[in-house]
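A.B. asks: The residues making up each chain are set out below.
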Amino acid sequence: MSRRLTLFRAAALALGFGFLYLPIALLVAYSFNRSRLVAVWGGWSLRWYAALGDDDAFRNAALTSLEIGVMAASLALALGTSAGLAIARFARFPGRALFSFMLMAPLVVPEVILGLSLLLLFVASQAWLGWPASRGIATVTIAHATFGACFVAVLVRAQLAGFDRSLEEAALDLGARPFAVLWRVTLPGISPALVSGWLLAFTLSLDDLVVASFVSGPSATTLPMAVYSSVRIGVTPEVNALATVFLGVVIVLVALAFSLLARQDRRRLSE
Amino acid sequence: MTGWGWRRWALIAPPFLWLFVFFLVPLGVVAAISLSQSADTIPPYAPLVMHTPQGLAGNATLDSYRLVCRGCLRAYGNSLVYAALATGLCLLVGYPIAFAIARAPRAWRNPLLFLVILPFWTSLLIRVYAWIAILQPTGLLNRALRALGLIDTPILLIYNDFSVILGLVYAYLPFMILPLYGSLAQLDENLVEAAADLGARPWRVFRAVVLPLSLPGIAAGALLVFIPAIGEFVIPDLLGGPRTLMVGKVLWQEFFDNVDWPAAAAVAIVLVAVLTAPLLVAQRVIERGSAR
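Residue numbers (the numbering used here), protein chains in the order written: chain C, 71 to 341; chain Y, 106 to 397.
These aren't lab readings, by the way, just hints derived from the structure by calculation.
Ideal Cβ positions, reconstructed from N, Cα and C, are used throughout, including at glycine.
One thing to keep in mind: the hints can contain errors.
Here are a few chain Y residues that sit away from chain C, every Cβ distance over 10 Å (derived from the structure) [what the hints assert, rightly or not]:
#, residue
1, 166
2, 255
3, 317
4, 346
5, 350
Partial pick of chain Y residues on the chain C-facing surface, computed with a CB cut under 10 Å [unchecked claim]:
#, residue
6, 112
7, 116
8, 120
9, 121
10, 132
11, 137
12, 198
13, 204
14, 209
15, 222
16, 245
17, 366
Bound-form chain Y, shown alone (with noise of 0.2 Å):
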């Protein structure tokens, strides 16, 4: 746009301050309260600076990661293994799903998209909570199947790595739906025609033509999935057990259970190391996406 010159700094400032200030900045003081010591204060950690008889001395410590090493390493592995569970299978279940919006009457495609989102609008909090009421002992789903005569005493759905892998899919599966509606709604037509014309048999032309082409829309959907999955808190809160534990359940009971902020600051810290790779990936694919 021209004509703007010095005046679209009015544009940029406001925003780029307002991110900078609530978003960078306040990562920088996690990162500094990660190195100080907990304390029985309020706040509950000693400042990293302290003025002594001898001048100003230095208080940082890598305590809280030591303790992070000990303690929370099978939290990341379980995180990691869930969301990547979640992952690959948001992506086969929301395939078809948008493969088919895609390919339905042009009049239908909005609304079904809307459906598609429509929960989203609603809180997830409810919802995951309404997976409960299926999953538990004296739940829906137990019942069902025992009445149709397929187990005799209630089998244990909720509270164990199912009943977690289950609810992220549930939660997550809009974020792959709509990038992969979006690759595949572009997909030219033609080429799927000449490939069939050709004598290649739907899975082949499945293969060779409509996989690659819906990529872009794969590794966008897998980042939304993913990156998020990772440190979901309401999710394990809610439908996990004592042995699920992941990253993001550990920080809040580090920071409201235990009241140890460094050690919670540590967790997120290595938390933001973790994620830093696939979100250098994500603002790439997401970069190309939008320039196409």
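For reference, chain C alone in the conformation it holds in the complex (with noise of 0.2 Å):
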């Protein structure tokens, strides 16, 4: 089989693209748009980028949800990572088993169960400790938290199982201690994961609506909950402009973030 691009793959391409893109398409097209109604094109026009500047609770919440994301993803770099590592390299422990089923579940169990559940502890722990003391942009970062660390220790496993030990035991020879053999060999090593771990965290965080919606409080409103709001009372143009925002902004961190990475590697395969 060759690695031409033969018809049969060229269209399954086009066809699967087309199929995921269409929507965002329409999207940055209508946020353009200067009807109200959706389907009808009535030219081109800013004002819906116009009204988005002038709304306070759009404005507000995008602020928090900023605020709680990257809280979120820091922390849960710092617990994703360690996990990651402990996972990978240390193949035996006591609780290994449970660790690695922790990591896992939540990365697939449904958000309603997260939420719900995170949303029944702190009630009961309110109750019991008297903490938190009230729900919001901490306890949505506790939740959001929670399972970016599992993501995040998905990315760093991964990289760690392609990383050249010789290395690590090359600094332990040399008598560096663990600590610093991680600080200054392993963490520059995977540093890839580190960084595409924060941003998956963060962006997971900024698009959360179940779990927040269920561990927030009426003083924290998430962007995702305000659009959520808003799209159920109905279809409101001002939504396509902040989508269209929110995709530049995702594109170009993600190609910053990718374009710095990729001058890493050169510059280490150059030395």
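Make the complex out of the two chains shown on their own, each in a separate frame, by following the hints.
C.D. replies: Next up, the structure:
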């Protein structure tokens, strides 16, 4: 079988990506639509972007989501990296099977269960321990860090599988302490997984509606919660503009991260 | 890794305790509350153990589970059928895509994979909402079909089985493509060429060589689609109608609309029980995949 792009494979790619990108392309196109009606083209306009800029509810929700996203992703990175390292490097320790189950299950357990169970925990612990006093940014951050950490751990583990251990062993043989080796050899070596893990945890947090709806309180409305309530009321073109802005930011962030990593890769190869 | 000794617990303990407290313990709390009685208090359930003049008395009940058996079995059935159909369709749609990416010129593969992942980085809520604009009676698809003269009156494409399954396939397709690609990219090309040299036709090569060797990818992808799809909320809520009830939405309604927390907890526990078998299979498949 050759490496050429046969007609069948080209068709598979075209149809597949058409299916994946049709709704996204429509959102972007209609965000520049003058008409309020979704399916009617009324000419080019930036009015929905202006309306978005004036909308305090969306702006506050976006700021709340960003705050939660940054905190949750950083927490998830720390927890997920040490979990990934532990599972990949320590073949045997008491509780390893339970640990690996707890790392895998949140990846696939439905969000409604994660959300409900954490909320009931917070309510019960408020009654018994007096903490958390109220639900909001802190509780959503904890929830997002929990499933974010599991995604980070998967990426760290996958990267460690292809990581050359002789460098670590050489450093240990030369008398370096394990934590120094971890900090100076292992972590720089798996930096692509760390960067993409943080980004993944961040976007998962920014995207989450279900878990946040359960564990948040009246004091904190995240962006997906604001979008959901406006979508339920009816189709609003502002949401199209918001989605387009979001998409632009995500593409720039991800492209930036990947080009940084590619440059680092090249530098390492040329050394 | 040698030389760690007791220090390895500094790596293991923080994430272990975190997941124990914020993932495992909460499931236990759900189980406890599913046995308690619904009440008009804040929080809206009665304590499991009550102080009475005669001492402590248990207050557990199976009422919520009776409620689940009576009212929600259809939602569980629906969810399983939708998730199974969506998994099958994702496999049918995703296999050719993953195959084409794995056989594309080397320089193209990473950009193509990036294009598969990109939708996943943007809001699911907003992508599902975009389908409303496509499927609704005055939407793009109906207008296109009418312009082509294929239909006279708008056909119902939304708030039914079709739209829910379409939404599930759309949302979970990347989860199928990525593990499939992982298997297919590792496939030893010499085996394929040997089969072809021995005179096997392309379909026979596919059935006898490619398909069996990609089974781990198929298994991983199927589980990554099937398990979360069963409890999906956003898609049945935005694209489904009253007849296309799924468990995730039932749980949401019991909790937010009926404020019956014990019932929501019972729905969740039954759902966990349904998911336990596929979850254990998933762990073994993933464990084997990463051990390789």
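A.B. asks: Does the no-contact call for residue 350(Y) survive, Cβ to all of chain C over 10 Å?
C.D. replies: holds (13 Å)
A.B. asks: Return the status of the interface hint for residue 222(Y): holds when the least beta-carbon distance to chain C is below 10 Å, violated otherwise.
C.D. replies: holds (9 Å)
A.B. asks: How about residue 116(Y): closest beta carbon in chain C under 10 Å, or not?
C.D. replies: OK, holds: residue 116(Y) within 10 Å of chain C, min 5 Å.
A.B. asks: Residue 166(Y): least C-beta distance to chain C exceeds 10 Å?
C.D. replies: holds (17 Å)
A.B. asks: Residue 121(Y) was flagged as interface toward chain C. Is the shortest Cβ-Cβ separation under 10 Å?
C.D. replies: Result: holds, 5 Å to nearest chain C Cβ.
A.B. asks: At a threshold of 10 Å, is the proposed contact between residue 198(Y) and chain C supported by beta-carbon distances?
C.D. replies: holds (7 Å)
A.B. asks: Residue 346(Y): least C-beta distance to chain C exceeds 10 Å?
C.D. replies: holds (15 Å)
A.B. asks: Closest CB-CB distance from residue 317(Y) to chain C, is it above 10 Å?
C.D. replies: Given a closest Cβ separation of 16 Å, the condition holds.
A.B. asks: Go through the hint on residue 245(Y) and say holds or violated, using the shortest Cβ distance to chain C against 10 Å.
C.D. replies: holds (6 Å)
A.B. asks: Is the hint on residue 209(Y) kept, meaning its closest Cβ partner in chain C is under 10 Å away?
C.D. replies: Where the cut-off is 10 Å and the nearest Cβ of chain C is about 6 Å from residue 209(Y), the hint holds.
A.B. asks: Verify the interface restraint on residue 112(Y): the C-beta must sit less than 10 Å from at least one C-beta of chain C.
C.D. replies: holds (6 Å)
A.B. asks: Under 10 Å is the threshold here; is the Cβ of residue 204(Y) close enough to any Cβ of chain C for the hint to stand?
C.D. replies: holds (7 Å)
Of the numbered hints given earlier, the model fails none.
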